[in-house]
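Undergrad: Protein sequence lines, in the order shown, are assigned to chains A and B. If you count the first sequence from 1, position 83 lands on 97 in the numbering used here, and the numbers rise without skipping. If you count the second sequence from 1, position 40 lands on 843 in the numbering used here, and the numbers rise without skipping.
Source of the hints: derived by calculation from the structure; they are not laboratory data. Built from N, CA and C at the ideal position, the CB exists for glycine as well. Treat the hints loosely; a few may be bogus.
What the hints assert, rightly or not - Pair ranges (Cβ atoms, derived):
1) A:Met41 <-> B:Arg880: 43 to 49 Å
2) A:Glu73 <-> B:His822: 28 to 34 Å
3) A:Met41 <-> B:Gly832: 27 to 33 Å
4) B:Leu842 <-> A:Gly91: 27 to 33 Å
5) A:Ala16 <-> B:Leu883: 42 to 48 Å
Below, each chain spelled out in residue letters.
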Amino acid sequence: NAGVTQTPKFRVLKTGQSMTLLCAQDMNHEYMYWYRQDPGMGLRLIHYSVGEGTTAKGEVPDGYNVSRLKKQNFLLGLESAAPSQTSVYFCASSYRAGWGYGYTFGSGTRLTVV
Amino acid sequence: DAKTTQPNSMESNEEEPVHLPCNHSTISGTDYIHWYRQLPSQGPEYVIHGLTSNVNNRMASLAIAEDRKSSTLILHRATLRDAAVYYCILYTRMEYGNKLVFGAGTILRVKS
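Between the sequences and the hints, there should be enough to build the whole structure, so can you do that?
TA: Printed below as a string of structure tokens:
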């Protein structure tokens, strides 16, 4: 049982480059989320999705785009990476709204933008 | 989002019980109390959640005050593997548009 799988685990980008982070879950969860975690800032929500084909902005959406073309996948894109996007990115999923259930998190992607 | 207050850090001895407190004096009737923990270099991990009654699972117990303005996460026998940041989060019951919002949490150190 894989749970939530994030790829890649590590990546170094140059300023201005683009990349896509992939999140895949095998639990048939409806809801999926992207968070970033910076030292001293805790986890902050970037974007989330309440079902296939839907996306919504979270607390810090600027500079990121997302897509949920398939229920099991949630992609996070950086069109033009900036050093301020250096962070650890976590994907999570939940069965429905999550208040009555727990979130399952992936192990993270450590991104460095130089 | 309703706010929670946790101590910045706590220390425990291995094999002893640990009581992690959380204050949430502005909790509303539709707020669930969730606990997550994050081990070093890992993603957060769901621990337990409750609404009004105390809850037990294989990882921990959650004791909720009668007025719901505070709660306590109980680890019955701390191990070195329990050293982590523990987050107490209020999660409002809504069908759409609500998300888990993390605060600073409590850093738990376990001494051998």
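Undergrad: Would you mind marking each hint as holding or not holding in the structure?
TA: Tested hints:
| no. | hint | result |
| --- | --- | --- |
| 1 | A:Met41 <-> B:Arg880: 43 to 49 Å | violated, 30 Å |
| 2 | A:Glu73 <-> B:His822: 28 to 34 Å | holds, 31 Å |
| 3 | A:Met41 <-> B:Gly832: 27 to 33 Å | holds, 30 Å |
| 4 | B:Leu842 <-> A:Gly91: 27 to 33 Å | holds, 29 Å |
| 5 | A:Ala16 <-> B:Leu883: 42 to 48 Å | violated, 27 Å |
Violated hints, listed in ascending order, are 1, 5; each of the other numbered hints is respected by the structure.
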